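S.K.: Spelled out, the chains give:
2 protein chains.
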Amino acid sequence: MLITTSKENLITAINAVQKAINPKSIIPMYSCIKLEAKENTVTFTGASLDIGIECKIPVQVEREGSTLIPAKYFSDIVRKLPDVPITLDLSDSLEMTIRYEKSYFTLKTMEVEDFPPLPTFKGGLDFQISSEILKKLVRQTSFAASADELKAVFTGLLWEVNGEELGLVGTDTHRLAWGKGPVLIEDKEAKGSFIIPAKIALEISRLIQDGSCHIQAEKNTVFFTFENIKINCRVLEGNFPNYRQVIPQQYVTTIQAESKKLRDAAERISLFALSNDSSNTINLKVSEGALTIHSRSDIGFGQEEMEVEHSGEDLNIAFNARYITDVFKVIDGDKVIIQLSGQLSAGIMQDPEEKDFLYLVLPVRV
Amino acid sequence: MLITTSKENLITAINAVQKAINPKSIIPMYSCIKLEAKENTVTFTGASLDIGIECKIPVQVEREGSTLIPAKYFSDIVRKLPDVPITLDLSDSLEMTIRYEKSYFTLKTMEVEDFPPLPTFKGGLDFQISSEILKKLVRQTSFAASADELKAVFTGLLWEVNGEELGLVGTDTHRLAWGKGPVLIEDKEAKGSFIIPAKIALEISRLIQDGSCHIQAEKNTVFFTFENIKINCRVLEGNFPNYRQVIPQQYVTTIQAESKKLRDAAERISLFALSNDSSNTINLKVSEGALTIHSRSDIGFGQEEMEVEHSGEDLNIAFNARYITDVFKVIDGDKVIIQLSGQLSAGIMQDPEEKDFLYLVLPVRV
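Chains as they are written, first to last, in numbering that gives the first Met the number 0: chain A, 0 to 365; chain B, 0 to 365.
Since the hints were made in silico from the structure, they are not lab data. Remember, predicted model here, so these are calculated numbers, not experimental data. Please note that the accuracy of each hint is not assured.
[What the hints assert, rightly or not] The calculated lysine-lysine pairs, modelled on DSSO-like cross-linking and capped at a C-alpha distance of 27 angstroms, are:
id : chain 1 : residue 1 : chain 2 : residue 2
1  : B       : K260      : A       : K6
2  : B       : K18       : B       : K55
3  : B       : K101      : B       : K6
4  : A       : K6        : A       : K79
5  : B       : K55       : A       : K79
6  : B       : K187      : A       : K6
[Stated by the list, open to error] Computed spacing ranges between beta-carbons, pair by pair:
id : chain 1 : residue 1 : chain 2 : residue 2 : range
7  : A       : K218      : B       : I10       : 49 to 59 angstroms
8  : B       : N14       : A       : K218      : 53 to 63 angstroms
9  : B       : N219      : A       : G332      : 54 to 64 angstroms
[Stated by the list, open to error] Chain B regions said to be covered by chain A (calculated; three or more residues, Cβ under 8 angstroms):
id : segment
10 : 28 to 42
11 : 74 to 88
12 : 148 to 160
13 : 255 to 267
14 : 338 to 351
Idealized CB from N, CA, C, for every residue including glycine.
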């Protein structure tokens, strides 16, 4: 293998495949990048048990070849190089030399034959989505997924295709975020769903620049293809509970508040809530057009009061403060609507300008 | 105590005194801010065993009084408040209420009588320095101090007054940074020195805005006074070695290199050095107008070559890579001069445009 290319090209490809690589993997080849130079293309591949990423860069190949090099060191060196032409030279199968001007770096390589081929799509759900909508749906739902690896399926996002619509759902069982958007699909009657880790969905949404993304899903694997990148991702096994059952059908109390005021007030009151224990409970009282939030703890007492638009009954209810403030990561509008159906029933939060998004949060018993 | 003031005023004073406070101090009063409202001024005070900071803000005092409140909670709440008038109301000695608009927060307080008075200056070195020069000297030397608390005196900076000149020295015994600048002093024959923790010197240099700083030093305490802030700092006991002895009197090899090129090359080569062990050794070879830097380790080999201006003998020498790259935090010029006096003698690095700064680094035996 002998190629010369720009630092920018190398960085683009390294950045893409590194998302799949765990430099501390106990399986050595999973800490490596596979490089394959063939017919005016270098293919970079990174993989772990759950995900594989392939990125192709166009380049004049002076000598074909392939190798496995430690991702971390290769990446660290290339990132620190000046912006000049860089040569990758695999003179023998034991080491690769990175050269620029009068300087060079020789990295020990691994046996490329050990690296398993990435899977290919054999049939199933097959659709296109605009990268903008994909990014939006992942952002709207991933924050609500569980970060606790023991909660297995709830670390994932549910993707539900229903004809020309894709819905995403993230939940940690205490709160749930749902968003939907249009897709391009040949079979307008297609129905199907899969769950992939929220973390991986986020990485993919960060890699996509613009244009559209081609998604193909079979039983165990989902494929994402865009620009010069191909990703395969293992699906999470298990099922989401029927979240539609949890969404209340009617509400007794509806308020509309200013997003920033509500978020800031909840954050201030949570200072008192947090100092007590990890439950981080804040109490909301809706009465006659005013919303009062309070919490008491060892350090003292805090109470915020703000005017809101209010219809329906007066109500006292308690929530985990973080669940209330979290949703403002994805509600960008000035206003937020909160709908409540009783002290022990789920509350709904929505941006009045965005009907294709819904956030559901369970109250805390106090 | 009853006062109303702006969020900005409160934040300014909290930011200043918090630098002295350890919120996890096992001595409860040292995790608190003392507030004293008296004669149109509120004085904020924060202290620990090593440092005390006092900051005064002008304010209309409606009711005088003083109290001790937990710094962390007070600071967290005030930071999250909107930018509106804020009232601090000490209704009884057990709790203080922070109020704005219709919202309020009540924090439990501590006995203010327990808080010791800050020390006052009784005589000794007494001079003024421009804040710009103070900031520069601290920046030029603090990075070279030791971060290892076991090295006691070497976590400090030596301040040496010699008439109208102040020199600062930071060293961890492997490398040393020295800078000097002018001061305003009445006694032009005054000589004296003190050592204070580099961390505290850095905090002080960050607090100073502009104008000048009044410094007064007595045996155990140094006082810094500027704007509305007064700081007292306990001096570190112990002595610096005679660093002047270590500075070579003549050099056999002098090179001048481009700062950025040398720093980047040393950083790249240190990737190889670091993977081996913690010694992080890189080898420098000066020969016929070229500087070659190399290192070998388990992962491979790296070599950088660059042209330099070179006079004197050819030389091979090895350094800890970090000691070489560190100095570029404070050498802002395009060029750096390196003077060497042999494989086992200290090397000197300087900005050719800045004669009042010198960096000395000991080589590694290889």
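S.K.: Decide, hint by hint, whether the structure agrees.
M.R.: Going down the list of hints, with the structure as the test:
Restraint check for K260 of chain B and K6 of chain A: satisfied, since their Cα atoms lie roughly 17 angstroms apart, inside the 27 angstroms limit. Between K18 of chain B and K55 of chain B, the direct Cα distance comes to roughly 15 angstroms. Compliance with the 27 angstroms bound is thereby established for this hinted pair. Between K101 of chain B and K6 of chain B the alpha-carbon distance is near 16 angstroms, which keeps this suggested pair within the 27 angstroms criterion. The hinted pair formed by K6 of chain A and K79 of chain A meets the criterion: a straight-line CA distance of about 10 angstroms does not exceed 27 angstroms.
Simply put, K55 of chain B and K79 of chain A have alpha-carbon atoms about 47 angstroms apart, too far for the 27 angstroms limit, and the pair is violated. This hinted pair does not check out: K187 of chain B and K6 of chain A have alpha carbons roughly 58 angstroms apart, beyond 27 angstroms. Take K218 of chain A and I10 of chain B: their Cβ atoms lie about 57 angstroms apart, and the range 49 to 59 angstroms holds. Taken as a hint, the range 53 to 63 angstroms holds for the pair N14 of chain B and K218 of chain A, whose Cβ atoms sit roughly 57 angstroms apart.
Separation of N219 of chain B from G332 of chain A is about 59 angstroms and conforms to the stated range, judged on CB atoms against 54 to 64 angstroms. Coverage of the segment 28 to 42 of chain B by chain A is violated [criterion: at least 3 residues with CB-CB distance below 8 angstroms; count 0]. Here the segment 74 to 88 of chain B counts 5 residues with a CB under 8 angstroms from a CB of chain A, which clears the bar of 3, and the coverage holds. Figure legend: the segment 148 to 160 of chain B, annotated as covered by chain A; annotation inconsistent (0 residues with Cβ-Cβ distances under 8 angstroms, at least 3 required).
Remark: the segment 255 to 267 of chain B is confirmed as covered by chain A, as 4 of its residues place a Cβ nearer than 8 angstroms to a Cβ of that chain, reaching the required three. Check on the segment 338 to 351 of chain B: 0 of its residues sit with their Cβ under 8 angstroms from a Cβ of chain A, so the three-residue criterion for coverage is violated.
The earlier numbered hints that this structure contradicts are 5, 6, 10, 12, 14.
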